[in-house]
Amino acid sequence: MIRYLLRRLLYAVPILLGVNLLTFCLFFMVNTPDDIARMHLGVKHVNHAAILNWEHSHGYDLPLFYNRHETSWHTLTDTLFVHKSLSMFTLHFGLSDDGRDIAREIRQRAGPSLSIALPAFIIGLGTNISLALMLVWMRAGLADRVGVIIAVALMSVSGLFYIIGGQFVIAHLWRWVPISGFVPGVDSWRFVLLPIAISVIAGIGNGMRWYRSIFLEEIGKDYVRTARAKGLDESRILFRHVLKNGMIPILTGAVAVLPLLFMGSLLTESFFGIPGLGSYVVDAIQSQDFAVVRAMVFIGSALYLIGLWLTDIAYGWVDPRVRLS
Amino acid sequence: MTQWQPVILWTDGLAWFGIALMLILLFASRAQMRAGWQRLWQHPLAVVSMLILLCYGSIGLLDSLHYRVRLPTINKRVQYSVTVYSVLDALLTPLRTHNETSYAAPLARRAFSATPERHAGGEVVEVRKPLQLGGHTPPHARMELALRGALYGGITGIGLLLAIVFIIRTFAARTTAPEQHVAPDPEPKFSWPKFSWPKFPWPKFPWPKFPWRSFSLTLLFLSMLIGSTIELAGNFHVFGTNEIGQDVLYDSIKSVRTGLMMGCLATLVTLPLAVGLGLAAGYFGGWVDDLVQYIYTTLNAIPSVLLIAATVLLMQGFIETHPAMFDSTASRSDIRLLFLCVILGMTNWTGLCRILRGETLKLRELDYVQAARAFGVPSWRILWQHLLPNLSHLILISLVMDFSGLVLAEAVLSYIGVGVDPSTHSWGNMINAARLELSREPVIWWPLMAAFIGMFTLVLAANLFADAVREAFDPLAKR
Numbered sequence: 176m177i178r179y180l181l182r183r184l185l186y187a188v189p190i191l192l193g194v195n196l197l198t199f200c201l202f203f204m205v206n207t208p209d210d211i212a213r214m215h216l217g218v219k220h221v222n223h224a225a226i227l228n229w230e231h232s233h234g235y236d237l238p239l240f241y242n243r244h245e246t247s248w249h250t251l252t253d254t255l256f257v258h259k260s261l262s263m264f265t266l267h268f269g270l271s272d273d274g275r276d277i278a279r280e281i282r283q284r285a286g287p288s289l290s291i292a293l294p295a296f297i298i299g300l301g302t303n304i305s306l307a308l309m310l311v312w313m314r315a316g317l318a319d320r321v322g323v324i325i326a327v328a329l330m331s332v333s334g335l336f337y338i339i340g341g342q343f344v345i346a347h348l349w350r351w352v353p354i355s356g357f358v359p360g361v362d363s364w365r366f367v368l369l370p371i372a373i374s375v376i377a378g379i380g381n382g383m384r385w386y387r388s389i390f391l392e393e394i395g396k397d398y399v400r401t402a403r404a405k406g407l408d409e410s411r412i413l414f415r416h417v418l419k420n421g422m423i424p425i426l427t428g429a430v431a432v433l434p435l436l437f438m439g440s441l442l443t444e445s446f447f448g449i450p451g452l453g454s455y456v457v458d459a460i461q462s463q464d465f466a467v468v469r470a471m472v473f474i475g476s477a478l479y480l481i482g483l484w485l486t487d488i489a490y491g492w493v494d495p496r497v498r499l500s
Numbered sequence: 105m106t107q108w109q110p111v112i113l114w115t116d117g118l119a120w121f122g123i124a125l126m127l128i129l130l131f132a133s134r135a136q137m138r139a140g141w142q143r144l145w146q147h148p149l150a151v152v153s154m155l156i157l158l159c160y161g162s163i164g165l166l167d168s169l170h171y172r173v174r175l176p177t178i179n180k181r182v183q184y185s186v187t188v189y190s191v192l193d194a195l196l197t198p199l200r201t202h203n204e205t206s207y208a209a210p211l212a213r214r215a216f217s218a219t220p221e222r223h224a225g226g227e228v229v230e231v232r233k234p235l236q237l238g239g240h241t242p243p244h245a246r247m248e249l250a251l252r253g254a255l256y257g258g259i260t261g262i263g264l265l266l267a268i269v270f271i272i273r274t275f276a277a278r279t280t281a282p283e284q285h286v287a288p289d290p291e292p293k294f295s296w297p298k299f300s301w302p303k304f305p306w307p308k309f310p311w312p313k314f315p316w317r318s319f320s321l322t323l324l325f326l327s328m329l330i331g332s333t334i335e336l337a338g339n340f341h342v343f344g345t346n347e348i349g350q351d352v353l354y355d356s357i358k359s360v361r362t363g364l365m366m367g368c369l370a371t372l373v374t375l376p377l378a379v380g381l382g383l384a385a386g387y388f389g390g391w392v393d394d395l396v397q398y399i400y401t402t403l404n405a406i407p408s409v410l411l412i413a414a415t416v417l418l419m420q421g422f423i424e425t426h427p428a429m430f431d432s433t434a435s436r437s438d439i440r441l442l443f444l445c446v447i448l449g450m451t452n453w454t455g456l457c458r459i460l461r462g463e464t465l466k467l468r469e470l471d472y473v474q475a476a477r478a479f480g481v482p483s484w485r486i487l488w489q490h491l492l493p494n495l496s497h498l499i500l501i502s503l504v505m506d507f508s509g510l511v512l513a514e515a516v517l518s519y520i521g522v523g524v525d526p527s528t529h530s531w532g533n534m535i536n537a538a539r540l541e542l543s544r545e546p547v548i549w550w551p552l553m554a555a556f557i558g559m560f561t562l563v564l565a566a567n568l569f570a571d572a573v574r575e576a577f578d579p580l581a582k583r
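Chains as they are written, first to last, in my numbering: chain L, 176 to 500; chain R, 105 to 583.
Since the hints were derived computationally from the structure, they do not count as laboratory data. Hints may contain errors.
Covered stretches of chain R (chain L as the covering partner; in silico rule of three or more C-beta atoms under 8 angstroms from a C-beta of chain L) [unchecked claim]:
1. 408 to 415
2. 419 to 426
3. 516 to 523
4. 537 to 546
5. 555 to 564
Every value quoted in this text rests on a predicted model; they were computed, and no experiment measured them. The beta-carbon is built from N, C-alpha and C at its ideal position, and this holds for glycine as well.
Next comes chain R alone, as it looks inside the complex (with noise of 0.2 angstroms):
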């Protein structure tokens, strides 16, 4: 008998749907795309953010497995538990169960405001009581503990290093053809002796051009920043605590799936929508580009922010009067979330579409189209595979650059009180929650902080990943 049940929530099946399909597509235009891989495998900038956006994306995906655990049975039948956790859950338990009453700042071993206790004489005196997280350990064992974390983070990451290095030398390097050479740069006729990194047998392949400096430096930071975090939190509360005193620095990582959430499945329902119109009405024209034009133009000219305000209001009428279609709190704020990515997917798809379409109607002129014609090919087929594998690096670009916008979006609509559940962890919330605080004196920074630490790392590693993209994809772009 296993003690726990795994929990499929509609987001997380969607988000690993989702995974599969963008691997299955590149994968199917991987010929047209290879030349922009290797040119963005070369750009230090792109590597450094997809390592970030990697460790966003890990922690997302394993947020995203959901389990429930099972109760003591009574009278024989199997029960579970009405709670959803999720893998990350079970690794952060210290961090969730270590509640404190109130505000903690980062890194305190003392409650930030006092409470009266009454002494043995009969005296009331204002004392800050000891933290059940960090009240108890030494005050010099911070910088210790971050030290010994970042150590072993710092062990961890070489070891992780060297293993990415050997398992591509031994096995992606059989595979390939022989290295092409090289021919060295003419040297110039005095230069200063200039340091040189030790030579290093980095794999060539599979990106001849690979910034393997960049990747070591950028991989050693994040896993001693990681370590040293993970030794802190174990003792302290990293980022202190909030009103009720739950862990700051644990709300903010749970935030993170919501905000990846906002930014995949938007996508995920962009993509169907953008393509299959823009393809259609590039490639037929006629009364279907019409009407495609239309549909754009008139879900244009609404104001987005208030088409999906007025879409969220009427699903939260929905699900209040049908109470019985959502049994737990989990699933109806996994619905709510849901919804939202798919009115922001709804109300985003303009713009890809538009530059699809107008990139089919160059595309259909072309010499290899007319020729498919020519041969009787049917339309499902010339558009599946000769026009779609030659867009994939527009949808690739758009998708990659509209990302971080969503990922605001979320924020921003949180605010608006059109965002997502109350419940769920997100940093609009955390923003939200945190506005009144800055009015307080003293004054509680700490979780608009953790928010912005934590929203700003992904939106900026998106942000300069979205521009390495479009330069290594984009034909036109400035190189």
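Bound-form chain L, shown alone (with noise of 0.2 angstroms):
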């Protein structure tokens, strides 16, 4: 057991180091440290001096996979590639371009990324279960059409729109709580309090159609009609055993997710002005930071691969049948 899951964990190695090693042929190779330093001065007015300066200022002035002034080891340690890309495995992101560490940066960032990401998550997981049941407990009527059709629906409205027609009403006119904002602490449940909600909304559609089919898929199976001959009402069979049987499949698919919380959302942080990882994402793509956008792919990709193997261990322990070797 513990062997397997080694093994699995060090699957992800070279897969991360792919990872690594695309970025840095895209921020590298493909966009050369010069047109990085071109862009960051200007295109038109920058000489070539003004550009090794900004080269040298920011540790870009190594070549990219071997140095030919170094001697023994250094030929291969003492360039772009070991510095900036392989120093991440280390969780070395060095210096962002306004001259922060990043890593603690992310450190910083985290916490208030996960007060609404985690709370957004279980919330939503709660109500698209339920909904899902209720859809499930009133199958093939109408209210199941409606429910489906409104599903779609609210699948089809972009999560820009949730944002900000929440915003509007609940913060704009109702005053209810602040448009945007954060405070650390305890006081942040008036700031993250709108956030979630709108989490939670614009996820429904999806996740209630989602859960509404795994459930349906369980109560087509054999077992099923075996408590029914068995003489169980229908509210027991439902809640008792569709809904034990269908949690293996959702639960293993919200641990899969589970890692990638850390990440915070993009859009509901920028939109809301908390100071997480999603809107640090948004800004440096938006001040074309190439360090802190490397820094979190590698992060991201890291955190799916947890989330993989999670997975594995998740399906291992709900589901006796199968069995981890």
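Starting from two chains that each stand alone, build the complex the way the hints lay out.
In structure tokens, the structure reads:
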């Protein structure tokens, strides 16, 4: 068991290396440090000395893979690939373009991100499961069809409209909560209420439909027929048997995205001015800070792979038929 | 001498190519898909959403035929204007040319905000000036115009319907086999007298259970809606104007092309990657399979928004440092749109590839493939003739299901700042511009509303259609 899990964890290493190499190619070979420097210093009015100076101050003045000016192993280690890309495996992300330590920034911003993403995820899961069960309870009737059509309609609204609409009605017209902003600590509840509510509502369409189809699949299985034949009433079948079995795919799916909650939500955070990782990414993209984008790509991929790994564990843990070996 | 010169932008050419490719693929696998199409076209929602999608599609295609106007000849040299117009622009000329100075509410006759004006007596009065378009139309004309347009549209719609029915009955019916006899349902013992629609000779071919009622009602509704919009748009700004006085309806209609391009071109990129790699991995197995799996797991691991953002930023840098390659703003924004579609396609193929790989693994072991192998049929031929047609329903389902997501992604990417060029008409750009207008007092809501309606209708239709397609083609789906 433990050996299996360790082996699965080792599978992640080549993939992470691939991600690392891919981002390195994108950021250093397609777009050379010269180009990046030129973009930051302004395309037109820039001379060679200014570019060299910028590269030196940001640590970009090294060769890509092989350093001829060094001796022994330094020919391979004193390169951009090792300094800027491989160093991420040791969680050294370097400095952002405005000179701040990226690793420290990420640690600080994970909290606010989680304070929205985690409650939104849990409440959303609960809401979607209950709504889906409700639809399954009334399956094949008018309510079910209307419910599915509402779910499709909810899915068809862009996430931007949920945020803009919710901000406008609840915060601007009714003035229940502040429009945007954040304070650390317990007082933040006023600020996170609306983002959480909007994230939950925006996810209902998709989640409800997805879980409904899972439950419907379960309800067609043999054990349900057996339960009916035993004379169990419908509510018992639904809440004891179908719910429990349907939770297997739902929970394992949830476990896969659990680590990614750290990344926060790009749209919600930047609309509500929450200093989390989502808005960090948006800011970095808008100010073309490639160092931050690279770091976030690495962390995002690592979290995704952890999610895959956790799914493996969860399958073996929840479903005794799956044996890990 | 012609007065105009056709211009084929990259996205135009690819869009037409994509449509041709799609039709060829569908034709090639028609035998395997026939039952699916039959099932699809008896689903009322599929027919209704298809009609709406067709409306959007024709707007997008009209907007993909570009041309340049010839300028007056100087020194006997033929010159063409720098600005590129599309056929749609030519049709919408009144909307494009009647620009106001600033905001105007939907169907308004006077400007939204007052401007100071000096009267003859010397006093300064705040006046809301009458608009260029709508300012001189009598106030009661709106209802009249709308009703007249609906009437005209309705008549056109009925004419169109009759024409369709006539064409199918005269041309298609001859080639069909004799009608199948359907056993009538056993009569219930007692039933209330039911309202029955007047019998009409609806054609039974090509799809015996085609929901003609939903089809004709939707066609009628759409043509009435379009009719009254056309009538109103000639005399008013139907959705008002934006901050710089441009017609919002025009903006929203022009955005249709961008949205559709996102969905279609990204798909066009997805298709060869997913199909090629998925089939190869499933059929050949071994190291090919390992490699393909490694590639898609790696690509999947990268958060897609970040990958898209990073590549778009790099592309922006490339365009900035090579201005000579893109001669006009139109071609620059077009290249940017194309590039965005390519990137979206590159990040989007993994799902379909995984499905196709799994399915090919299964099909490979079936007897007919084994037999073909034993006969020494070359691999490419097995893949092309025996495997691909039997996977085409999966491809179709997956493409249709992904379409709406791509349209929605455009808006989000534009908001983050890595979307289409700011000069391109798109719903994302409209939302982006309209976001701050909501906090004004009094509220400017119409640009946002126009973008919402345009986008929501398209995505809803695409989602409903995708559901119907999955139900009709997926052998595992519940019916």
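Checking against the hints above, which ones are violated? Hints that this structure does not satisfy do not exist here, as all of them hold.
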